[in-house]
Amino acid sequence: MGRRRAPSQGRRWRLGAVAVLSLALTAACGGPGSDSSSDAAPSSAAGGASGGATSTVGAASATPSCGTAPVTMSGYFETGFPLPKALTDEFTKQFPNVTWDIREDQFAVITQNAPRTLADNAPDLMRLPQMSELAKDKLLLDLDDYAKAFGWDQWPASQLEQLRVSDDGSRGSGPLYANGLNFSMTGIFYNKKLAAQIGMTEAPKTLADFDALLGKAKAAGITPIAQFNGGATGGFAFPLQNLMAAYGPAGPINDWIFNKQGATIDTDTNKQAAQHLQGWIKSGYFAKDVNSMDYAAMMSRFIGGKSLFIFDGDWESGNLDKQMAGNVGFFLMPPVQAGGKQAAMSAPLTYGIGAKAKHPDCAAFFLNWVATNDKARTIDVEVGGSHPMGPADAFMPPVKEGTVTAATLEAGAKIGQDNGAMDFIANATGAIYAKSWTPNLQKMVGGQQTGDGMLAAVQKDYQSQLKR
Amino acid sequence: MSSQTQQAGGAAPTTASAPAPRRRRRGGRARWTGWLFVAPALLVYAVFVLRPMVVSVQYSLYDWDGVGASTYVGLKNYSRLFTDSVLSHSILNAFKLIVFFSAVPVLLGLLIATSIRAIAASRLAVVARTVLFLPQVIPLVAAGIVWSWLLSSTGFVNQVLGWVGLGGVTRAWLGDFTFALPAVGVIGAWVLLGLCTLLLLAGMTKIDPSLYEAARLDGAGAVREFVSITLPALRQEIGVCVTVTVIAALASFDIIYISTQGGPGNSSMVPGLEIFYLAFTERQVGQASALGVALMLLVLACVLPVQWLTKERDE
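Residue numbers (our numbering), protein chains in the order written: chain A, 1 to 468; chain B, 1 to 315.
Rather than coming from a laboratory, the hints here were simulated on the basis of the structure.
Residues from chain B that keep clear of chain A, each with C-beta distances beyond 12 Å, as calculated: (1) 128; (2) 139; (3) 222; (4) 223; (5) 230; (6) 232; (7) 244; (8) 305.
The calculated EDC-like cross-link candidates involving lysine to aspartate or glutamate, where the alpha carbons are at most 20 Å apart (straight line), are: (9) A:460 x B:282; (10) A:414 x A:202; (11) A:358 x A:101; (12) B:96 x B:176; (13) A:460 x B:84; (14) A:193 x A:401; (15) A:282 x A:211; (16) A:271 x A:255; (17) A:260 x A:167; (18) A:375 x A:90; (19) A:467 x A:255; (20) A:136 x A:168; (21) A:282 x B:176; (22) A:93 x A:382; (23) A:288 x B:176; (24) A:218 x A:202; (25) A:136 x B:63; (26) B:206 x B:225; (27) A:467 x B:84; (28) A:136 x B:282; (29) A:467 x A:167; (30) A:341 x A:410; (31) A:467 x B:65; (32) A:85 x A:104; (33) A:192 x A:401; (34) A:136 x B:65; (35) B:76 x B:65; (36) A:414 x A:393; (37) A:260 x A:168; (38) A:85 x A:374; (39) B:76 x A:461; (40) A:358 x A:144.
C-beta: ideal position from N, C-alpha, C; glycine also.
The task is simple: from the sequences and hints, build the whole structure.
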């Protein structure tokens with residue numbers, strides 16, 4: 001008996017342990033993301049999307065709004081930028097029934113969190129990273145009905161083009177999945193005092209003029225360009241894309257960023273641009289330690305008067321007008337031939353509504369308010385430093401003459417005339433910036449990569465990331 | 001089951017005269033009750049430790065972006081570890097880090113512990129111990145930030161090099177292709193040196209002083225004492241140090257994330273960081289899981305022999 005009972009007891013506790021373990025491990029059945037409740041994002045998100053659409057359709061007769069009952073809107077914003085907070089504060093002033101519950105994170109963290117946040121706990125309004133994968137996974141609300149209700153479809157089409165994602169994940173056409181708080185643009189800021197030292201009195205007219213200025217600065221012992229290129233964010237993508245804009249048309253670059261079939265970044269004009277950048281590196285026009293310099297270090301060097309130029313965006317205009325009042329200028333990348341068309345990286349400050357958001361109507365109403373309310377547009381320019389979204393003839397706040405904000409807004413108008421707005425080459429896929437542009441640009445600085453080699457390598461990564 | 005337990009309990013008095021079976025039954029019952037006590041902890045362990053491990057193995061067999069539908073791909077994610085140069089390069093970097101994270105702290109720790117032992121009674125030893133252990137109480141992220149400043153182009157390290165006439169070798173250490181990984185290694189060595197020193201010092205206190213006395217009477221010098229007495233006696237402690245530091249090297253993440261983020265140009269990329277990028281930036285949860293599983297096996301393959309080699313074999 002003893003003999004028989006002993007093994008049965010052993011079996012019993014073994015059974016217990018197995019039961020506990022199997023209970024803990026049951027979730028490991030079936031493919032991930034297919035059926036279990038926690039992973040049911042696609043189907044429920046789709047449901048959320050249609051739900052949102054229904055509420056919009058329902059509201060089509062009466063324009064969607066925040067209503068009059070108290071509403072707490074949840075927001076997920078980028079930290080370090082005062083614009084969205086300033087806008088939501090003003091919105092609450094005008095619509096006291098709406099209060100905001102805002103979570104802030106760095107952009108890199110938002111990029112990493114976006115899919116899970118939108119799947120599990122979708123905010124009403126969210127700062128979005130590159131969004132084609134999010135739209136493909138049905139995590140974002142289709143805003144087309146709102147666009148119709150509010151008349152966004154009457155705005156210049158190029159403003160919202162970058163925010164349209166078609167079913168195959170390519171951008172530029174298809175349903176609208178986000179809107180912008182404003183649209184920012186990049187170019188070159190310069191320190192006026194240092195510029196005067198090398199006899200620079202006006203913005204260069206051609207790329208050759210710009211090259212000459214870089215050479216003069218170097219000869220005068222001034223660091224020509226401080227550009228961040230450390231960590232996982234290669235800031236050399238800024239001068240590179242500006243050079244691409246100088247050498248070739250913006251269209252093919254946008255096609256590539258929007259994942260159009262057959263698009264390539266490895267073109268002849270882009271090769272010229274990359275070789276030109278390589279030339280700048282070899283000539284020592286960048287600070288020596290660019291590969292360990294982060295964005296904050298670049299800004300502090302420029303503001304501290306330790307470099308003549310930086311390639312950056314107009315989101316810094318307000319800040320630079322404060323910190324370097326009267327001592328900072330801005331110009332767009334000059335063309336190769338004098339008088340040629342100009343292009344620049346210019347993208348909406350992208351905000352979307354979660355497919356499962358609780359108050360999609362109010363979020364859409366807010367986005368419309370940002371683009372159309374005079375007070376909001378003033379905040380956009382004064383706090384955000386960039387051009388507001390909205391109709392071409394909409395109200396523009398007066399800007400003080402001689403400020404860099406005035407210069408960037410003027411440059412924005414030039415880009416509009418030349419139809420030269422491009423999205424950022426780092427936005428082509430979710431991983432292309434950190435995993436392809438950045439390492440390759442850093443290698444170029446270290447002399448381990450050529451301009452041509454970089455474009456070929458990035459194109460290869462692009463195709464593998466898009467599974468083409 | 002409970003009725004069976006009662007039956008077993010009920011049967012006990014009748015077999016009271018037979019000591020052997022009773023011991024077995026009591027032992028069995030105690031064991032069963034023991035498992036009841038352990039069950040809550042086991043459940044927590046199973047849910048939060050074992051389940052993620054099993055799920056990782058499962059994910060590693062799929063191509064999955066973390067949200068949408070997944071596709072079964074078998075061992076393809078594992079084979080990519082050998083064919084993708086970035087992934088295999090990151091594993092190689094982890095092994096290079098062992099030199100800094102493990103060899104340097106253990107060897108230097110032995111040297112320092114021996115020196116401190118010699119001045120054990122003085123106040124200086126206490127100060128030295130405290131100072132050396134200090135990096136251990138600083139969060140790794142803070143250590144990474146401070147060292148990023150120290151190693152920057154205008155940082156303290158370059159200033160010192162300039163003062164001693166070595167201005168020619170100054171550079172942005174963390175942004176240099178050749179030196180980024182060793183620079184990160186130095187940070188790791190700095191963090192782990194204190195732990196190793198303290199562990200080894202603790203081990204030294206249990207060595208019988210009469211052994212040293214006898215050796216000295218036999219005419220042994222400091223080196224002979226160290227090789228013949230200290231080193232063999234510290235086998236277990238050295239084993240612990242090597243185990244902990246090798247794991248820290250192979251699974252390193254925070255220091256590198258803060259100081260270089262794997263750059264420049266992937267030159268300081270390690271598997272821990274690569275898993276993070278794969279899962280959260282590239283949204284390849286399957287590939288990230290495969291690298292995670294491979295990393296776990298790699299850690300075990302490195303650590304188990306160390307454990308075996310340094311095991312006490314008195315019996």
